[in-house]
Every structure is written in C-alpha cells, then in structure tokens.
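Each chain, letter by letter, is given below.
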Amino acid sequence: MDIRETIRGLQPLYGKVTPLRTVQETRPPEDFADAYVTEVNVKTASKVIKALDSAFPKDPSLPLSHLRRFAKREILPPPLRAAIEEQSPPLAAPVQTIFVLISPPLPDLDKLQALLAPFAPNAAPATPGQTPEDASQPDSPSPKIYLHPTKIPLYPPFNSKQADAWTKTLWPVVFNPAAPRSTVAPPPQILNRAQESIEPRAGYYLSLARKVAEEAEQSGLGRGVGAVIVDPAIEEELSAASWESGAGETASWDEAVLAVAGDARYCRPEAGAPSQAQLHPGVAPNPASTTYIAEFEGGPELHALMRAAGFIARWRRENDSRGDATATADASNPEHLQDTEELSSLESYFLYRHRPGASDTTIGELLFSPSSPKKRKHEEPNPESGSTIDPSNPEQSQLQTPPLPAPPPSTTAVSGPPIPITAPATSRIRTRSQGGYLCTDLDVYVSHEPCLCCSMGMLLSRFRAVIFPRRGRLESGGLASEPVVAPTADEVEPEDDTKGQDERGYYGLHWRKELNWRALGFEYVEEDDEEIKDEPKRPVFHA
Amino acid sequence: MQTPETSQMPAVEFTGNPAVAEDSRHGYFMRQALLMGEKALQSGETPVGCVLVHNDQIVGYGMNDTNRSMNGTRHAEFIAIAEMLQSYPRSALQHTDLYVTVEPCVMCASALKQYRIRCVYFGCANDRFGGTGGVLSLHSDSSIDPPFPVYGGLFEKEAIMLLRRFYIQENEKAPNPRPKKNRELNTKFEDGSEEASTPL
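Top to bottom, those sequences are chains A and B.
Residue numbers are given in the working numbering: position 432 of the first sequence equals residue 432, and the series is strictly consecutive.
To convert a position in the second sequence, counted from 1, into the working numbering, add 543.
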C-alpha cells in the first residue's frame with residue numbers, strides 16, 4: 001500500500017492533552033527535622049543572627065529560606081506557644097522579646113546556651129529597668145536561655161494551604177509562588193507553552209504511533225508498540241504557514257515527523273539461533289506476545305522509543321561521517337550491527353524522505369522543505385538544558401545563514417567535478433554540524449507508556465517532551481506518578497482509597513528532582529476513555 | 544503497595560566483606576572492567592567499562608559509546624549484552640554476573656532487570672543517575688521481573704579516578720563547552736587517602 005496514502009488516511013485520536021504530574025507534586029516531600037526556638041531580647045535580634053551564623057555554619061544544600069528567622073509571640077503556632085509559656089511565662093513590659101529559630105544542622109546545646117545567654121530577655125546589661133520584674137520570677141535571676149524543641153519542614157511549601165498548615169502547627173512558613181521550583185514541577189509557563197504547541201497535532205502523531213505499532217505487530221517482529229519523533233520547531237513553522245495560507249492548522253502535520261519506530265523485540269537472532277519472528281514466519285501477531293516470558297522479550301534496546309532515538313543517531317552518523325575518515329565503522333564493535341538493522345517501510349519512509357538522492361524525492365520538495373535551517377527557531381529550548389543558542393558561537397550562528405540548495409543532478413554533471421553534498425540542508429534532522437545533538441528539543445509520541453528503561457533512555461536522549469495515550473498506560477511504565485484520577489481533583493491529595501487499580505510503582509521519571517535531566521510529560525486522554533474501562537486484559541509487558 | 548522510595552535496599556558494601564575482596568576473582572573481573580573504562584577514556588567517552596561473566600568466563604565487554612554513536616543510550620552495559628548475545632541466548636543472562644566500574648544508571652538497571660541478570664558488582668556509586676541505590680533502587684523494587692542482588696565499592700577509588708580524569712577535560716562535543724584549563728586532577732578521597740599513580 002502506498003505509504004503516503006496510509007498517512008493521509010490516518011484519523012486523529014480525539015481527546016485532550018493533559019500534563020503528567022510529577023512525583024514531587026503527587027507525593028510532596030514532607031521531610032521534617034528537629035529545631036529549637038528560643039526567646040531573645042528584640043533589641044539584640046541582629047546580633048543574635050550574626051552570632052548564630054558565624055558560630056554555626058549552615059548546610060548549603062538546605063537553604064531553608066521558606067522559614068521565618070524570627071517570630072513574634074502572637075504569630076507563634078498555638079501549640080508551640082503553649083509549650084513555651086508553660087516553661088517560661090512571658091515577661092512583663094517593658095522587655096520586648098522575639099523568638100528566634102535555630103535550624104539544622106543543630107549545634108551542641110551547651111555551646112548554644114553559652115552563645116545566646118547575653119541575648120536572653122532577662123540579661124541584665126541590655127535592659128536595666130527590668131530588675132523588679134526579674135525578682136518576681138520564681139526561677140534563677142541569672143540570664144537564662146530556654147531552648148524549646150519543635151519540628152520544621154525542610155522543603156518549601158508546595159502551595160499556600162500547606163504553608164498555612166505548617167504555620168499553624170510548626171513554625172511560621174513563607175509561601176513564595178514565584179520561587180523557582182523546577183525541582184518540584186516544570187515551570188507553569190514552559191509547561192503551558194509546550195502543551196499549546198503539542199495540542200493541535202498530538203492526536204495525529206499518536207494515531208501514527210498506533211499505525212506504526214500495528215505495522216510492528218502485523219510483521220510478527222515485535223509487540224504492538226510504536227514511537228514517533230517530532231520536531232516542535234517544524235511544527236511552529238507549520239502553524240505559521242497555516243495562518244498565512246488559511247489552511248487548517250493540522251494540514252501537513254506529518255511534515256514535522258523526523259522518525260518513527262516500531263517495537264522489534266522478536267527480530268533479533270541470539271547466538272545464531274532463529275529469532276522469535278523466524279520461528280513463526282508469517283504468523284501475526286507473534287505467538288510470543290500473548291504472554292510475558294522473559295527469554296522471548298528481546299531487550300529494551302528493541303523497544304520502540306529506544307529504536308526511534310537510535311534512528312536519529314543512525315541518520316546523523318550516516319550524514320556526518322561523509323568525508324570524515326575517523327568515523328568509519330569498526331567491524332569489531334557490535335554497535336555497528338545497528339547500522340545494518342532493517343527498517344520497516346514506515347520507518348525508512350520517515351527517516352529517509354527528503355534525503356538528497358532519495359529516489360522518491362523531487363527537487364521541488366527539496367527546496368520547499370519546511371525544516372530548512374534558515375527558518376528554524378529555537379525559542380523554546382529544553383527547560384533544563386539552559387541556553388542552547390549562543391549567538392557568539394560560530395558553529396551555531398551558521399544556522400542563521402541560508403543553506404546552499406542542493407544542486408540538481410544535471411547541473412552538477414556539467415559544472416565540473418561532482419560536489420559531495422556534505423550538509424543535507426533538505427533534511428528535517430539537524431546534523432551535528434548544524435547543531436543537532438541527541439534528541440535535544442524534540443518530542444516523542446509513544447503508543448504506550450514507555451518502560452522504566454525507555455523512560456530513562458528518553459531523558460538521556462534529552463527529549464523536550466514525551467506524550468502517550470492514557471489508554472496505553474502499563475503497570476511496567478516509568479512515567480505515571482499516580483493512578484488515573486478524576487480530572488476534577490486538583491489540589492486534593494489522592495488518598496490510598498483508589499479501588500481495584502493495578503499494583504504498580506509510580507516513578508514519574510520524566511521530572512524527578514534527583515535526576516540531572518528532565519522532560520515534560522503529557523498524557524492524551526481520549527474522549528471515549530471513560531466508556532472502555534472493561535478492555536480485555538492484555539498481558540503486562542515492557543513497552 | 545510500596546512506593547519506590549520506601550522499598551530501598553541499599554547496595555551491600557564490599558568493605559569488610561572478604562567473600563568479595565578485591566584480591567578475589569571478583570577483583571580480577573573488576574580490573575577487566577576498569578581496563579574497558581580506560582579504553583573508553585582513550586576514545587573520548589565517559590569512562591565507564593564493564594564485563595559480563597558467565598561460568599567464570601568473560602562473555603561480553605562493554606564501554607560507554609554515546610559520543611561515537613551519537614546516541615545517549617549506548618551505555619557500556621548495552622554494548623556488553625549485545626556482544627554476549629552473539630554467542631549466547633538471552634536466557635544465559637540469568638546465570639551471568641555484571642562487573643561495571645560505575646553503578647548502573649536507571650536505564651541500565653531496568654534493562655538488567657528485564658534481562659534477568661544474576662548479580663551486579665559495581666565500583667563507585669552514581670548519585671546522579673544510579674538505578675541500584677544511587678537515586679532509585681530498581682534492583683529491589685517489586686516489578687514483573689524478579690529482583691537481583693547488587694554489591695558496590697569494588698575498586699571504588701580506581702573507578703572514581705577514571706571519571707575525574709575524564710571530567711577535567713573539556714567537552715568539545717557539547718554545544719557550549721566550558722573552559723577547564725585551570726583545573727587540576729584531584730587525587731584525594733574523603734577518607735584522607737590518596738590515589739596511587741598506577742592503579743592497575
């Protein structure tokens with residue numbers, strides 16, 4: 001069947017894109033630590049801070065900037081205030097006092113007592129007029145520092161509700177909605193912009209991912225899982241072009257697709273023995289897919305997402321190695337088996353269309369290619385990769401100059417020796433010399449929730465975003481951070497009252513504060529998702 | 544159910560464990576992994592090396608290959624497995640141990656679990672990406688594949704020195720290389736010891 005016809009005939013999924021929450025959002029870190037509160041003379045407050053800070057160094061990894069340093073008696077949390085007043089009743093005027101927080105790492109208690117003694121409310125030198133009141137105190141008249149134990153939250157509050165709760169029970173806490181919280185969740189403006197750019201065509205790309213999945217399954221070479229890599233920069237150009245021409249925004253959606261890959265876990269012969277696919281020629285789906293038997297599962301490098309990222313790398317090796325003698329294949333390296341790996345018809349169509357010299361590519365298409373580096377924009381770099389475009393970098397500013405159009409074959413023939421086409425300006429995929437690096441700034445659409453291995457591979461490939469249909473969730477998946485919840489529940493913490501849901505780990509790997517790389521994660525919720533709850537049970541496997 | 548965080552089973556330390564001492568056969572295999580890491584360093588790759596050991600024989604060698612392949616997922620473990628599978632069926636991995644200079648990352652830890660590796664020995668921990676105790680503990684988390692044991696700390700200093708020697712270099716392949724002209728190789732460790740100049 002004609003591939004272009006197949007693509008044109010694809011019906012998009014109907015539904016909406018919704019951000020995947022992060023594990024920091026679904027399980028806000030509520031780590032608490034011991035701290036001390038003590039009452040000091042308000043006039044000595046700045047001296048107290050100076051003395052504390054110089055005597056006891058802070059832990060730079062715990063800024064604790066969400067905690068107030070001081071609190072007046074009136075704003076102390078009632079339980080703490082009660083505990084304090086039981087031990088040291090408030091002094092009568094005119095001594096004005098304030099409470100200071102001594103936060104972890106906690107110093108030695110005796111040292112702390114000694115350090116703070118001069119600032120105690122009843123320390124004589126600072127307040128000469130207090131002697132009569134002092135005398136009425138039942139306890140020792142010597143300056144006394146009471147250290148009252150309390151608990152403090154180690155991490156900033158996630159919302160004002162949490163801040164209020166802590167302020168009322170532990171210690172006054174400041175909620176700063178503008179504070180950079182990229183370790184908790186993607187900054188909202190970046191998330192929203194990406195969602196807006198993804199929304200119009202996501203249904204098409206996921207439909208294509210399912211088509212690729214079907215191809216993989218029907219070939220008997222793999223399970224029914226597909227992945228589609230899209231360049232959002234090209235999407236932006238498509239949107240701009242559609243506004244100019246008045247055509248629908250989703251027209252030519254497939255122009256932004258860089259590569260597709262299907263699952264191929266049954267295609268690898270091991271130890272020279274026939275592969276699962278070769279054992280069952282012409283049988284589709286492969287009988288091994290009806291169950292999960294580890295030996296028949298190939299390996300995660302044969303999963304759709306990993307193969308797709310591998311195709312981008314493969315294309316770059318093929319296109320950057322021209323004229324580069326050092327990049328020639330080392331036959332002893334098994335990695336090079338990848339370069340000879342066979343591609344399905346959809347896979348090779350998307351990876352190699354518009355390639356210079358490709359037989360089905362016309363010059364007109366070459367010149368029209370929407371991804372010409374000249375027009376490419378990078379306004380939305382990976383939120384975690386920092387500034388990716390440096391105008392002073394000559395290699396990158398090369399992107400701004402118009403590329404040389406590939407000369408038509410007839411002219412190369414008459415204009416002297418053939419010029420090797422080293423920079424395929426007509427390709428969608430950026431070569432290394434054009435600044436292309438791994439899958440930076442690209443989006444990947446997958447028919448199913450990728451497994452933990454592929455989810456981390458996605459991060460290591462530096463994708464901008466990953467999108468999968470909610471219906472493709474798998475208990476072996478690495479991205480979801482919580483069970484499917486009703487869309488109305490937002491601030492409410494999902495309690496463990498979710499009935500009948502699969503037992504699985506929710507890793508939310510796309511955005512974990514511990515990991516160096518992060519990507520935006522989205523789920524596609526189809527309109528009829530509600531109705532098909534009773535889907536036939538499929539075997540659990542790693543997608 | 545247990546969340547990934549609550550089910551952590553820290554990797555067992557080698558220190559004081561004579562069964563896996565550095566002068567044992569484990570030490571021999573880890574030295575081979577370190578040699579692969581050295582090879583990676585010479586090739587301009589992040590110096591992580593590994594070997595797969597089946598019936599006391601090395602059946603797969605791997606070193607990080609992300610720069611050459613332009614593929615960020617080509618870690619040493621995958622290269623070694625690919626080599627092994629040319630001569631052994633996948634099921635042989637259930638009777639195979641991995642010796643790797645750096646704790647497997649989350650991706651590799653999941654892959655090793657899917658491949659049902661028998662046991663993993665690593666050199667230094669990986670607190671940025673580690674999947675067997677460093678960040679996550681996939682080796683012990685419950686999943687559709689059985690857990691596997693992990694031992695860390697074998698030739699830890701040698702593994703760290705390989706990484707340090709790599710990271711004082713400038714990364715010419717990065718979009719914005721950071722100048723590192725004035726950096727000096729740190730040869731000290733937290734316990735106060737110093738690295739000998741010829742670790743192997």
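Wrong hints could be hidden among the right ones.
As the list claims (entries may be wrong) - Pairwise CB distance ranges (calculated): (1) B:LYS582 with A:GLY272: 25 to 33 angstroms; (2) A:VAL540 with B:SER567: 48 to 56 angstroms; (3) A:ARG193 with B:ARG707: 49 to 57 angstroms; (4) B:ASN719 with A:GLU199: 42 to 50 angstroms; (5) A:ARG73 with B:GLN712: 54 to 62 angstroms; (6) A:PRO187 with B:GLU737: 37 to 45 angstroms; (7) B:ARG707 with A:LYS72: 34 to 42 angstroms; (8) A:ILE3 with B:GLN629: 57 to 65 angstroms.
Bear in mind the hints are in silico, worked out from the structure with no lab data behind them.
Even glycine gets a Cβ: it sits at the ideal position worked out from N, Cα and C.
Results of checking the hints against the structure:
1. B:LYS582 with A:GLY272: 25 to 33 angstroms: holds, 27 angstroms
2. A:VAL540 with B:SER567: 48 to 56 angstroms: violated, 39 angstroms
3. A:ARG193 with B:ARG707: 49 to 57 angstroms: Between ARG193 of chain A and ARG707 of chain B, where Cβ atoms are some 39 angstroms apart, the hint is violated.
4. B:ASN719 with A:GLU199: 42 to 50 angstroms: About 31 angstroms separates the Cβ atoms of ASN719 of chain B and GLU199 of chain A, which means 42 to 50 angstroms is violated.
5. A:ARG73 with B:GLN712: 54 to 62 angstroms: At 58 angstroms between Cβs, range holds.
6. A:PRO187 with B:GLU737: 37 to 45 angstroms: For PRO187 of chain A and GLU737 of chain B the Cβ distance comes to about 44 angstroms; the hint holds.
7. B:ARG707 with A:LYS72: 34 to 42 angstroms: Violated: the Cβ-Cβ distance is about 51 angstroms, outside 34 to 42 angstroms.
8. A:ILE3 with B:GLN629: 57 to 65 angstroms: violated, 33 angstroms
Of the numbered hints stated above, those contradicted by the structure are hints 2, 3, 4, 7 and 8, listed in ascending order.
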